[in-house]
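Protein sequences appear in the order of chains A and B. In case it helps, UniProt numbering puts the first sequence at residues 1 to 365. In case it helps, UniProt numbering puts the second sequence at residues 1 to 365.
Source of the hints: derived by calculation from the structure; they are not laboratory data. Any given hint might turn out to be false.
Now the stretches of chain B that chain A is said to cover, found in silico as 3 or more residues with beta-carbon under 8 Å [claimed, not checked]:
#, stretch
1, 194-201
2, 276-282
One side only, chain B facing chain A, incomplete, derived with CB under 8 Å [to be verified]:
#, residue
3, Tyr4
4, Ala89
5, Arg102
6, Ala113
7, Pro116
8, Thr132
9, Gln239
10, Pro246
Quantities reported herein were computed from a predicted structural model and do not represent experimental measurements. Positions of the beta carbon are idealized from the N, C-alpha and C atoms, including for glycine.
There are 2 protein chains.
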Amino acid sequence: MSRYGSENLPYGVFSRPRGERRLGVRLGSSVVDLSVLGGQLAAPSLNALLAAGPAGWAAARAAVTELAAGSPERIPLSEVTLHLPFEVADYTDFYSSEHHARNVSAILRPGEAGLPPHWKHLPIGYHGRSSTVVVSGTPIRRPHGQLGEGVFGPSRRLDVEAEVGFVVGVPGRRLRTTDFAGHVFGITLVNDWSARDIQAWEYRPLGPFLAKSFATSVSPWVVPLSALVGSSSPLQDPQPLDYLLPAGPGFDLRLSVEWNDTRVSAPPFASMYWTAAQQLAHLTSNGASVRTGDLFASGTVSGPARDEVGSFLELTRNGAEPVKLADGSVRGFLEDGDKVTISGTAIGAAGVEIGLGEVTGTVVP
Amino acid sequence: MSRYGSENLPYGVFSRPRGERRLGVRLGSSVVDLSVLGGQLAAPSLNALLAAGPAGWAAARAAVTELAAGSPERIPLSEVTLHLPFEVADYTDFYSSEHHARNVSAILRPGEAGLPPHWKHLPIGYHGRSSTVVVSGTPIRRPHGQLGEGVFGPSRRLDVEAEVGFVVGVPGRRLRTTDFAGHVFGITLVNDWSARDIQAWEYRPLGPFLAKSFATSVSPWVVPLSALVGSSSPLQDPQPLDYLLPAGPGFDLRLSVEWNDTRVSAPPFASMYWTAAQQLAHLTSNGASVRTGDLFASGTVSGPARDEVGSFLELTRNGAEPVKLADGSVRGFLEDGDKVTISGTAIGAAGVEIGLGEVTGTVVP
Chain A
1 MSRYGSENLP YGVFSRPRGE RRLGVRLGSS VVDLSVLGGQ LAAPSLNALL AAGPAGWAAA
61 RAAVTELAAG SPERIPLSEV TLHLPFEVAD YTDFYSSEHH ARNVSAILRP GEAGLPPHWK
121 HLPIGYHGRS STVVVSGTPI RRPHGQLGEG VFGPSRRLDV EAEVGFVVGV PGRRLRTTDF
181 AGHVFGITLV NDWSARDIQA WEYRPLGPFL AKSFATSVSP WVVPLSALVG SSSPLQDPQP
241 LDYLLPAGPG FDLRLSVEWN DTRVSAPPFA SMYWTAAQQL AHLTSNGASV RTGDLFASGT
301 VSGPARDEVG SFLELTRNGA EPVKLADGSV RGFLEDGDKV TISGTAIGAA GVEIGLGEVT
361 GTVVP
Chain B
1 MSRYGSENLP YGVFSRPRGE RRLGVRLGSS VVDLSVLGGQ LAAPSLNALL AAGPAGWAAA
61 RAAVTELAAG SPERIPLSEV TLHLPFEVAD YTDFYSSEHH ARNVSAILRP GEAGLPPHWK
121 HLPIGYHGRS STVVVSGTPI RRPHGQLGEG VFGPSRRLDV EAEVGFVVGV PGRRLRTTDF
181 AGHVFGITLV NDWSARDIQA WEYRPLGPFL AKSFATSVSP WVVPLSALVG SSSPLQDPQP
241 LDYLLPAGPG FDLRLSVEWN DTRVSAPPFA SMYWTAAQQL AHLTSNGASV RTGDLFASGT
301 VSGPARDEVG SFLELTRNGA EPVKLADGSV RGFLEDGDKV TISGTAIGAA GVEIGLGEVT
361 GTVVP
């Protein structure tokens, strides 16, 4: 059974050879052109629909569902090019998996292992680069950079981070966690490519910069929140401050990371400590505004088990314990030609399993 | 003599009551409407001109200079509203004053005083928030945030950072320092408002986030590089890696910081360690792209003397040594109602002193 049936209908932007960009929804292994529906759905990117707000989103979903339930023209995915589904305004990335944060501290900062003192008091985050958010399938050129004192060259410790991105529709500031569903349109899978050697040398005291700014890949599909069902919030101890309460929903999304043809990890999103609603409330708590097209990502999703981690830094213990792929080769970090695919599934609002799209990229020299 | 004569002619965006936004240049204490010149100069923001590249910039400057030399209609500044002069794509902020970096280390991290080990090997930077870049004069609402464990409220250590911003015109990636003049259109003064208490609690390990994302003010005027003259590069020891050479020009800009009606500091831009050309080369060295409308700021400009620092953190030693203002009041950090104005001058390409505009803001509760 397809995970892209009428219960899912994620939005994307496609074009046919020599054709213009159009909005579409995925139905099975085909795309249904939404331009026939007019209005915001006849635009060349999702931004107009994003700005329409919850009533507009519901109306669009009703129209799209009705269209899909008829006998619409289905354009095979193999015949289209998929594009970045929306114009990214500000891109923010969080660090909200406790397992990931503990693993990173233990691996990279053994002298200060454990969580930073504020980690359980606020969702730590930073701003990333919007200009280099690219759609799944875009080749990832191995970044150059300073790998240590006096050494400039291609990164030798190129890594991935499997994340879930949240796409902001309605602008706002000083949002409460309860404003989440009124402002966030949907989710998209994210690979926050990271050069660990560049990062280690550059990141104090202002955080990661060139280690992550060369490319961030996103799925071509944005799954609307209305296709998903929230799960119980994570247990949080100590209790967060009032502006981060109520925590808002968790989401029981199951990710999968494939390294070339080998599935190496299955990160469980339900294991995240901070919720997306809390990230949004924190992000705007100082008075900062979010805009239509803002993308904020969860941070690397890592569960408690070794085969549930969202980065190769954790999977291979910084390269010290390489993994064996199906073809018998071993890997510490990414080699040129390697392909990484992050995909995901969830039990959707209709009670059936739905696909969250996939984000893939191949490393080129 | 005006610092805004025909040798300067900085660009901005203005509107008259109930009128649309138009490009203009400042001439004395008036604005000259550029829409009569048509083309990119008839647009409602600078972005089209920015994208035109060096030949377009030169043609525009010739046309604007000719217009100003005639008897154009002069609209008094008092009759117009000035707007953000361009749409900001990615905003990046550097940390390139050695005096500032040493002062901050000594004040905030006395246990690790001195420069971080990589400081003289690369221009440290981070990404900021584009959505909250605002034009001079926009009131600055005191940010709320976590000031420490269990404490959420208005920042008690609200500060400024006097900086120089560089406005990117022509997109590119992997730029050399020698590409600087082909890609950067001009400069604008920047106040990177900073909440030191929020920053101290949040910034490890991913850098400052909410401490700076609530507002970044820029001058309404962008001075084209062609109005400026480069000065000798700063002395750099150790010699930077090849991708950061040649260093590119320094700029002998003199900033001024006024706290209410008292001039408290005169930061000398010539004292910066890393050049803007090196910042641009570093920013794109990993393959990251810059776009039309990108803004990258120098980092706080601090000279060696106490009355040359670009932040109040440094001026008052983190509030421990308050300054006395002209009205007899004393200040550690910003109080509600305080107004800060950063202005600047340079000896321009024509050999006469020119004004760099000003960026001002008043703190509101």
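Quiz item: Does tyrosine 4/B meet its interface restraint, that is, does its C-beta lie within less than 8 Å of any C-beta in chain A?
Solution: violated, 32 Å
Exercise. Under 8 Å, Cβ to Cβ, is where proline 116/B needs to be relative to chain A, so tell me if that hint holds or is violated.
Key: holds, 5 Å
Self-check item: Restraint check, 8 Å cut-off on beta carbons, for alanine 113/B near chain A
Solution: Violated. Min distance 13 Å.
Quiz item: Does the CB of proline 246/B sit less than 8 Å away from some CB of chain A?
Solution: With a closest approach of 16 Å, the proline 246/B hint is violated.
Self-check item: Proposed interface contact between alanine 89/B and chain A, which counts if any beta carbon pair is under 8 Å
Solution: holds, 6 Å
Exercise. Closer than 8 Å between Cβ atoms is the bar; does arginine 102/B clear it against chain A? Give me holds or violated.
Key: Constraint on arginine 102/B not satisfied, violated at 13 Å.
Quiz item: Three or more residues of the stretch 194-201 of chain B near chain A by CB distance under 8 Å?
Solution: holds (count 3)
Quiz item: Per the CB criterion, is glutamine 239/B less than 8 Å away from chain A?
Solution: violated, 10 Å
Self-check item: chain A contact restraint for threonine 132/B - C-beta distance below 8 Å
Solution: Holds - the Cβ of threonine 132/B comes within 8 Å of chain A, reaching about 5 Å at its closest.
Quiz item: If you look at each residue in the stretch 276-282 of chain B, do at least three have a Cβ nearer than 8 Å to any Cβ of chain A?
Solution: violated (count 1)
Consistency note: the structure conflicts with the earlier hints numbered 2, 3, 5, 6, 9, 10.
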